[in-house]
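Chain by chain, the residues run as shown.
Protein chains: 2
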Amino acid sequence: MTQSRKEFEARLRQIGAERYHDLHPFHHRLHGGQCTPDEVRAWVINRYYYQHSIPMKDAAFMSRVEDPALRRAWRSRIEDHDGTEDNEGGIRRWLRLAEAVGLDPDYVASCDGVLPATRFAVDAYVRYVREKSLLEAVAASLTELFAPKIHANRIEGLLRHYDFADDSSLAYFRNRLKEAPKDVAFGLAWVLDHADTAEKQDAAAKALIFKTDVLWSQLDALWGAYVEPARIPPGAWKPDTGLRMRQAS
Amino acid sequence: MTQSRKEFEARLRQIGAERYHDLHPFHHRLHGGQCTPDEVRAWVINRYYYQHSIPMKDAAFMSRVEDPALRRAWRSRIEDHDGTEDNEGGIRRWLRLAEAVGLDPDYVASCDGVLPATRFAVDAYVRYVREKSLLEAVAASLTELFAPKIHANRIEGLLRHYDFADDSSLAYFRNRLKEAPKDVAFGLAWVLDHADTAEKQDAAAKALIFKTDVLWSQLDALWGAYVEPARIPPGAWKPDTGLRMRQAS
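Read top to bottom, the protein sequences are chains A and B.
Just so we're aligned, residue 1 is where the first sequence starts under the UniProt record's numbering, counting upward by one.
Just so we're aligned, residue 1 is where the second sequence starts under the UniProt record's numbering, counting upward by one.
Note that these hints are calculated values from the structure, not bench results.
Mixed in with the good hints there might be a few duds.
[To be verified] Simulated crosslink set (SDA-like; lysine to any residue; CA at most 20 Å straight-line):
| hint | chain 1 | residue 1 | chain 2 | residue 2 |
| --- | --- | --- | --- | --- |
| 1 | A | LYS132 | B | VAL126 |
| 2 | B | LYS149 | B | SER133 |
| 3 | B | LYS132 | A | VAL126 |
| 4 | B | LYS132 | B | LYS182 |
| 5 | B | LYS132 | A | ARG127 |
| 6 | A | LYS182 | A | PRO148 |
| 7 | B | LYS200 | B | GLY16 |
| 8 | A | LYS238 | A | TYR107 |
| 9 | B | LYS206 | B | ALA17 |
| 10 | B | LYS132 | A | PHE8 |
| 11 | A | LYS178 | A | GLN51 |
| 12 | A | LYS206 | A | HIS21 |
| 13 | B | LYS132 | A | LYS238 |
| 14 | B | LYS200 | B | ASP123 |
| 15 | B | LYS178 | B | GLY89 |
| 16 | B | LYS182 | A | THR84 |
| 17 | A | LYS206 | A | GLU7 |
| 18 | B | LYS182 | B | ASN87 |
| 19 | B | LYS132 | A | GLU131 |
| 20 | A | LYS132 | B | ASP123 |
| 21 | A | LYS132 | B | ARG127 |
| 22 | B | LYS178 | B | SER133 |
| 23 | A | LYS206 | A | THR84 |
| 24 | A | LYS132 | B | ARG130 |
| 25 | A | LYS238 | A | VAL227 |
| 26 | A | LYS132 | B | ARG64 |
| 27 | B | LYS178 | B | THR84 |
| 28 | A | LYS132 | B | GLU131 |
| 29 | A | LYS182 | B | ARG244 |
| 30 | B | LYS132 | B | GLU85 |
| 31 | B | LYS206 | B | LEU188 |
| 32 | B | LYS200 | B | GLU85 |
| 33 | B | LYS132 | B | ALA198 |
| 34 | B | LYS132 | A | ARG130 |
| 35 | A | LYS182 | B | ASP123 |
| 36 | A | LYS200 | A | ARG11 |
Please build the complete structure, drawing on both the sequences and the hints.
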């Protein structure tokens with residue numbers, strides 16, 4: 001049976017409450033200050049791959065949108081990440097974080113050393129948006145609903161526990177606190193408007209679950225590879241490589 | 001054998017000299033003032049489908065570009081067509097032309113009545129850019145090399161021969177005269193830089209030929225359907241439909 005707007009929104013929010021990656025032990029470890037410098041670096045390297053793929057995902061979405069007005073509304077997401085003349089953009093901000101944790105930003109930007117499991121998960125997301133319905137693509141983006149909380153916790157936890165954390169290195173997260181709400185308000189309204197049958201509501205909910213899997217599995221991979229007992233797969237980043245010439249203290 | 005930059009550029013330009021759609025009889029008819037109002041309308045309706053698909057094509061390209069700098073350089077193409085806060089954009093400008101020739105812009109924007117052959121050709125271009133190499137995708141965009149001449153001829157020819165033609169209705173073409181040169185300078189340099197083997201040069205040349213086919217076949221379809229003896233296929237636009245309530249004089 002088709003749920004009311006309110007019921008359906010509650011169902012989507014419940015998915016976040018149960019499955020969003022703020023519940024993953026890696027984040028507790030990171031925000032609680034238990035990560036070693038190398039674990040933080042591994043997170044920064046692997047999460048960069050996600051960041052750098054997000055505008056590709058958004059372009060894949062736009063490449064399927066016939067309505068110029070919807071394309072215009074979506075375009076700011078690409079600008080937020082890739083940057084504009086007056087905005088350095090999320091990707092460059094992420095590379096500042098990479099530098100702050102002692103990594104060579106060029107190494108991070110090369111995406112060498114990213115875990116294969118990270119690539120598989122992230123590439124699956126880009127492909128999902130390219131291939132599934134527009135409704136499913138927009139619904140998958142709704143993990144942004146749950147992001148402000150994790151970003152706020154992250155800023156607080158990193159500032160408290162790690163020397164590298166300051167306004168410059170954490171600029172990515174502060175900016176997302178400003179940018180994400182407008183995107184998600186648009187995306188949520190769009191999904192609530194367009195998921196007007198039980199079948200579409202199920203598809204949208206499934207898409208959001210899929211996306212929580214994409215995020216969660218990246219942290220699983222990170223944990224398996226870099227948290228003791230570390231089992232780094234062949235070819236992935238090894239501690240003591242890819243560092244800045246002059247190491248952050 | 002790999003051609004020098006200069007030889008290869010000359011080869012690309014020769015493709016335009018032999019195959020660009022400024023050579024098509026429909027354009028001679030249009031620019032020479034021999035088109036009936038309905039033929040002009042059919043052109044405006046069908047060409048809209050191409051216009052409205054171009055940002056999808058550019059987003060498809062960006063969805064495959066890993067390098068944020070290349071994505072940033074490409075993004076202005078989408079802005080030029082979809083518009084920004086201070087720029088109405090090419091698609092809205094095209095709809096002003098639609099209104100000026102007596103069509104209901106909502107009808108034109110609906111893409112109802114577009115010839116199937118137009119859809120097939122334009123969709124093939126979007127798919128080409130989604131599936132082929134980045135080099136082939138950029139090379140296909142190089143028909144812009146030949147566009148300023150056709151736009152200048154068109155502005156002159158339309159102003160001389162048709163009552164609907166004025167600064168407002170022809171704004172699309174005037175703007176393209178300003179926008180296209182920066183895009184094509186970037187695209188040409190990129191292709192010359194990246195087509196560094198004979199094999200890649202052949203692929204790039206073939207891509208440009210493909211694109212000239214996409215443009216040419218749209219005019220063939222238009223001619224076959226709307227120029228006497230008109231053979232309008234089922235479902236395509238019929239004269240006296242899709243008009244503005246108050247018809248342009």
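**Asked** Does the structure keep LYS178 of chain B and SER133 of chain B at a Cα separation of 20 Å or less?
**Response** With Cα atoms ~28 Å apart, LYS178 of chain B and SER133 of chain B exceed 20 Å; violated.
**Restraint status (C-alpha distance of LYS182 of chain B to ASN87 of chain B at most 20 Å)** = 17 Å, holds
**Prompt:** Do the alpha carbons of LYS132 of chain A and GLU131 of chain B lie within 20 Å of each other, as the hint requires?
**Reply:** Satisfied, since the Cα-Cα distance of roughly 17 Å is no more than 20 Å.
**Item:** Pair hint LYS182 of chain B and THR84 of chain A, alpha-carbon separation not exceeding 20 Å
**Value:** Judged against 20 Å, a Cα distance of about 17 Å means the pair holds.
**Message:** Need the status of pair LYS200 of chain B, ASP123 of chain B: alpha-carbon distance at most 20 Å?
**Reply:** This hinted pair is violated, its Cα atoms lying about 24 Å apart.
**Message:** LYS200 of chain B and GLU85 of chain B were given as a pair; does the straight-line alpha-carbon distance stay at or below 20 Å?
**Reply:** 39 Å, violated
**Asked** Would the pair LYS178 of chain B and THR84 of chain B pass a check requiring their Cα atoms to be no farther apart than 20 Å?
**Response** 16 Å, holds
**Item:** Hint consistency between LYS132 of chain A and ARG127 of chain B [alpha-carbon to alpha-carbon, up to 20 Å]
**Value:** Holds, at roughly 16 Å.
**Prompt:** Are the Cα atoms of LYS132 of chain B and VAL126 of chain A separated by 20 Å or less?
**Reply:** Holds, at about 17 Å.
**Item:** 20 Å Cα cutoff - pair LYS132 of chain A, VAL126 of chain B
**Value:** 17 Å, holds
**Prompt:** Is the hinted pair LYS132 of chain B and ALA198 of chain B satisfied, with a Cα-Cα distance of at most 20 Å?
**Reply:** Holds, because 18 Å separates the two Cα atoms, which is no more than 20 Å.
**Request:** Mind checking the alpha carbons of LYS238 of chain A and VAL227 of chain A for me, to see if they're no more than 20 Å apart?
**Result:** Cα-Cα ~13 Å, so holds.
Comparing the model with each earlier hint shows violations of hints 2, 4, 10, 13, 14, 22, 23, 29, 30, 32 and 35; every other hint is respected.
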